[in-house]
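Using the sequences plus the hints, can you model the full thing?
There are 2 protein chains.
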Amino acid sequence: MDSVASHSYEVHLEALAQAALQQYIAKSSYSKIFLMVDENTKKYCLPIFEEKIGVQIDQILEIQSGEANKNITTCVKVWDALSKNDGDRKSLLINLGGGVLTDLGGFVASTFQRGIDFINIPTTLLAMVDASIGGKTGVDLGPLKNQIGVINQPKMVLIFPEFLKTLEPRQRTSGYAEMLKHGLIRDAVYWNSLRNTNDYGDAACVQKSISIKNDIVMQDPTEKGVRKILNFGHTLGHAIESYCLESPQRKTLLHGEAIAIGMILEAYLSHELKGLPRLSLEEIKDTFLKHFERVDFDGHDIDSILKLLRYDKKNSHGNINFVLLQAIGEAVIDVKVPDNLLLKAFAYYKE
Amino acid sequence: MDSVASHSYEVHLEALAQAALQQYIAKSSYSKIFLMVDENTKKYCLPIFEEKIGVQIDQILEIQSGEANKNITTCVKVWDALSKNDGDRKSLLINLGGGVLTDLGGFVASTFQRGIDFINIPTTLLAMVDASIGGKTGVDLGPLKNQIGVINQPKMVLIFPEFLKTLEPRQRTSGYAEMLKHGLIRDAVYWNSLRNTNDYGDAACVQKSISIKNDIVMQDPTEKGVRKILNFGHTLGHAIESYCLESPQRKTLLHGEAIAIGMILEAYLSHELKGLPRLSLEEIKDTFLKHFERVDFDGHDIDSILKLLRYDKKNSHGNINFVLLQAIGEAVIDVKVPDNLLLKAFAYYKE
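As you go down the protein sequences, you meet chains A and B in turn. For the first sequence, position 247 matches number 247 in UniProt numbering, and the numbering has no gaps at all. For the second sequence, position 243 matches number 243 in UniProt numbering, and the numbering has no gaps at all.
None of these hints come from the bench; they were simulated from the model. Quick caveat: nothing in here was measured; it's all calculated off a predicted structure. Careful: at least some of the hints might be erroneous.
It does not matter which identical chain is used: a pair holds within one copy or between any two.
[Said to hold, decoys possible] Straight-line C-alpha distance at most 20 Å; calculated DMTMM-like pairs for lysine to aspartate or glutamate: (1) Lys307 / Asp80; (2) Lys224 / Asp117; (3) Lys90 / Glu223; (4) Lys336 / Asp86; (5) Lys307 / Asp86; (6) Lys90 / Asp220; (7) Lys84 / Asp303; (8) Lys84 / Glu14; (9) Lys307 / Glu50; (10) Lys344 / Glu283; (11) Lys224 / Asp339; (12) Lys90 / Asp334; (13) Lys290 / Glu62; (14) Lys84 / Glu246; (15) Lys274 / Asp187; (16) Lys251 / Glu168.
The following block contains the structure:
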């Protein structure tokens, strides 16, 4: 399997990843190598890491898994642990986990002593195809997702599809949503093949998604323009995810589950405002509802979700900017949406 | 007074600063302009800012002054306040205060929604000649100074020597220590003129110090090499500052007061290890003791200070690297110092 080049870091898959990491560590002169895990990756992924990768780790740091722990309190614990274990500017942090862990680990590394090196080894499909690529790091501030963070690239991203075997089906499906998004915003052929396969976690699909995301990020690392298309489904998806996380009567959604809903809603907006054909809209809705159970939002839920939109970081000057589709494979950025259409989008999702 | 060019930001003094800020704001399209103050700069500097500078501020944010508040808890309060007042990616944060405020404000801005623009208006001599120049931002983690932060340049640094009139003498003297350091590490002529003047806060001296620091930072923005010379006096100075801050029986020292002691100690090490002439060593000690009262450290104090050294962020691989002087105006980096010499340096300081 080939490696994917990027501006300032490399993505390696499978056997190449193992060799690349070993060579990199051998030629570096890190003072200490820290490995961060959560209770799940410690149990299911660390043994694979130790057997397959065989890099000497000086200290393992453990955090609690889950979006609810992706916050500054957890960062303080990790900064403290790095300090107490003699972490210094020449230390390396390897993040072994899903998107919560790689986002938080990247932020902790980027800010510890004004920045130490880090490497991401994503263990979920979502983190492989999305979170660990592109240099966005950060944590949540109360209900506001990724409100605090920096853009900073890891030294390497290493992909071992073997870790996917450790995942529950629900976690795998969550990653599938982001992969389908890559097709929707950039590649209609990929969308078609992906929505008709059951084997979306194989190395070829993972690599295709990484390539699409990486191409977009390389064109616009700091998200001034084209990179925004990666936010398709996320403007409403983030608000839905935040709302369900905070709301006691709603089941917490995985990121992919929330943006799957967001993509149906924003596909409706695309049809209304940007001419996305009706047939494409139906195809998108059918595809996502086949894999993601419909959530029954009531009026109060929808009101609360729309209130959260105001705080979303993609907003500017109080306006809400959406990424919409003109066609499958063709996205447009910075589209303003009238309020009444948002309610109609939720009605369409319920139908 | 001239402006000082830099890689990615500009430093403007006096009348030029006022014009530069007004022009910059006029041609920008910020969604909201936030101004951060503490209780002191709100009282003494904000009226001058409003009268002199006349830029429309949308929201004033107030933090508590002092090193003890330069921490993540204060950052969370400011991040929350930015969020609640509709701060977004196109907001601007203007930091009006001393080094604690500009360091913290720079970090908060660099990490809010993965980075918004900020401008520093330092109000203390120390912040004018040191903290606000060079892009180092950050906060303390417990007793560990600047343990958490990033390197990120402000859009502008604006210097109004008029603010110095609002300072207590002790605060002015603290800034004087950093100015003397600029002479010691880079410019023997400046050192000589500066140690013989009582008017070190005038615009010409401030500008000379800014130029020296800026030249060094431009050569090495990320502190891989020459920039380290700015840490002369800081390896021991930081440990002394942290110790006195945490220790109930010791008076808290201002930053300049702590590094003045650090510079005497490290001048002694320079004499022992790098051939700094005895006469130069005496001249350095006499100059600092003329302005900075000697602190009477006992054996327990010294033990505790040396323990804190281990945690200092300039250390690597457990070794303690010092910046020392070969001569006044000539610094060398990455010098290892045997433990017994550290005790002798404290003995020399006591003599």
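Comparing the hints with the structure gives:
1. Lys307 / Asp80: between (36 Å within a copy, 17 Å between copies)
2. Lys224 / Asp117: between (25 Å within a copy, 14 Å between copies)
3. Lys90 / Glu223: between (29 Å within a copy, 13 Å between copies)
4. Lys336 / Asp86: between (50 Å within a copy, 18 Å between copies)
5. Lys307 / Asp86: between (44 Å within a copy, 12 Å between copies)
6. Lys90 / Asp220: Close across copies (17 Å), not inside one copy (29 Å); limit 20 Å.
7. Lys84 / Asp303: Classified as between: cross-chain Cα gap 18 Å, same-chain 46 Å, threshold 20 Å.
8. Lys84 / Glu14: Answer is neither: 34 Å inside a copy and 45 Å across each miss the 20 Å cutoff.
9. Lys307 / Glu50: neither (46 Å within a copy, 35 Å between copies)
10. Lys344 / Glu283: So Lys344 and Glu283 pass the 20 Å test inside one copy only (18 Å; across, 79 Å).
11. Lys224 / Asp339: Result: close neither inside a copy nor across copies, 25 Å intra and 52 Å inter.
12. Lys90 / Asp334: Answer is between: at 14 Å across copies they meet the 20 Å cutoff, but 41 Å inside does not.
13. Lys290 / Glu62: neither (36 Å within a copy, 51 Å between copies)
14. Lys84 / Glu246: So Lys84 and Glu246 pass the 20 Å test across copies only (17 Å; inside, 33 Å).
15. Lys274 / Asp187: within (18 Å within a copy, 64 Å between copies)
16. Lys251 / Glu168: Cα proximity of Lys251 and Glu168: one copy only (17 Å, versus 57 Å across).
Checked against the numbered hints given earlier, the structure breaks hints 8, 9, 11 and 13 and satisfies all the rest.
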